[in-house]
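Trainee: Chains as they are written, first to last, in my numbering: chain A, 1342 to 1472; chain B, 88 to 413.
These are calculated hints, taken from the structure and not from any lab test.
Keep in mind that the hints are not guaranteed to be accurate.
Each pair of labels, with its calculated beta carbon distance range [what the hints assert, rightly or not]: (1) B:Phe247 <-> A:Phe1420: 38 to 48 Å; (2) B:Trp171 <-> A:Trp1417: 19 to 29 Å; (3) A:Phe1427 <-> B:Arg385: 17 to 27 Å; (4) B:Phe247 <-> A:Phe1427: 39 to 49 Å; (5) A:Leu1366 <-> B:Asp394: 37 to 47 Å; (6) A:Arg1360 <-> B:Pro170: 41 to 51 Å; (7) A:Glu1414 <-> B:Tyr382: 29 to 39 Å.
Just so it is clear, CB atoms sit at the ideal spot from N, CA and C, and this is done for glycine as well.
The chain contents come next:
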Amino acid sequence: MRPYDAVFLAVALGLFLKRPRLWWLAGLAPAVALAAHRIPLGPFATPVAVIAACLLVPRYAPVALVLAIPIYEGPWDVFCTVVLWFAVSALMEGLEDRFAEEVLLSRVRLVSARLLSVAVLYYTLQPVVFL
Amino acid sequence: MNSGPYIHSGSTTRALMVQAIAALAPVLAAAIWSYGSHALVLIVSAVVAACAADALCDRRRALDSSAVLAGVIFACLLPGNAPWWIAALGGVIAITLGKHWYGGLGRNPFNPAALACVLLMGLFPLQFFAPRWTVDGVTSATLLAKEIDSVAPAVADLLFSRHAGTLGEAMPLAILIGGIVLLALKTIDWRIPLCYLATLSLLALLLPPGDRMTGHAPWLAGNPLAHLLGGGSLFAAFFMLTDPVTSPFSPGGRVAYAILAALVTMLIRFYTPYPDGVVYAVLLANASVPLIDRYANRLLQNAMIRDRKRPAEEQQESMTGGELPG
């Protein structure tokens, strides 16, 4: 899984979780994963990275877990992933406010509209990978 | 309760749609003139599929012409040699996912045609990005494609576009005519096309060229005219970014929205292998609209609070003779 894919999977997962007060700490998960892979832990690198990421903010653990799974090449990769995750989260927050105004949308359609929006952003931001 | 604006302009949805479709007539005529009967096949396929999908999803409102407009705009985003089934599929996706999935007309956060185009580009990239410059001597790669040894076209070639890309790029002059009609009828806000095209020109002059551009088509750097008249810039400026449903409500917000769209377009054109970033820029700008509206609302509220405070302070000053109490 590319870091780019992980960002959108994490955002999609975040839609189904109640956001804790310190939700932004999940943004440290890529840095934790990179650090764990830099320390010579051998086969334990990935489990340590995943556990450490989940401990960052336990209520938002699935999101942190997904962000910790990809192999990051370096600090720049981590920085870009975190910036992208915050940017997509902010865009989705704005869109969710808009969906919340729509009283006509049923619960089922609201969930699918959110997921469709994540999918649209996934394809829309594809050129970002080349920047 | 939904957020504003609530003031009725007097024009109906159907009238606005008809005006937009009428303004697109020169663009469609130019596309048919450039690409022949296949352009007509693409336009008809997209429109018929969009109308059929609209009628299936909501029969009561199927006559508001929005499906026709979405179908026409989607067809204009297609390459001249795209197969008819891509046009039909795009028309269906634009209406079912782009419009009705979000609750119907007026509730879609993304431009339906751009949404369908980006999803289909992801699913069938070969139909959109495959090189097509030697097939029949008529069709060629879009002007902005970073091809090896491509040469700068003359201004007349740019205006009458003898290097086709999508149907909407067939003749920039036709888009300008349609855009001027929309501006004259006040169907669209002049700020969006003006700010978008002005920012695009400025960035074309200021941005340093990326490696791919330097190695393949160096003339694209520092050439605002090529970026204005080539690719989908003009089409997006007049027909896509100006969609009242997916653009901000405040004038200042619209300026920020147009600048953001231009910035994204140029970053994609300069620093990625993608030839044209217009549809991506449109969707990203659409996604930013709730945030832009939120900040615009906050600024408006702060300004109102300041305006309310000022008379009270002036009154207090006149009562105390300009001296602070205490």
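Trainee: Each hint needs a verdict: does it hold in this structure or not?
Mentor: Hint by hint, here is what the structure shows:
no. : hint                               : in the structure
1   : B:Phe247 <-> A:Phe1420: 38 to 48 Å : holds, 46 Å
2   : B:Trp171 <-> A:Trp1417: 19 to 29 Å : violated, 45 Å
3   : A:Phe1427 <-> B:Arg385: 17 to 27 Å : holds, 20 Å
4   : B:Phe247 <-> A:Phe1427: 39 to 49 Å : holds, 45 Å
5   : A:Leu1366 <-> B:Asp394: 37 to 47 Å : holds, 40 Å
6   : A:Arg1360 <-> B:Pro170: 41 to 51 Å : holds, 44 Å
7   : A:Glu1414 <-> B:Tyr382: 29 to 39 Å : holds, 35 Å
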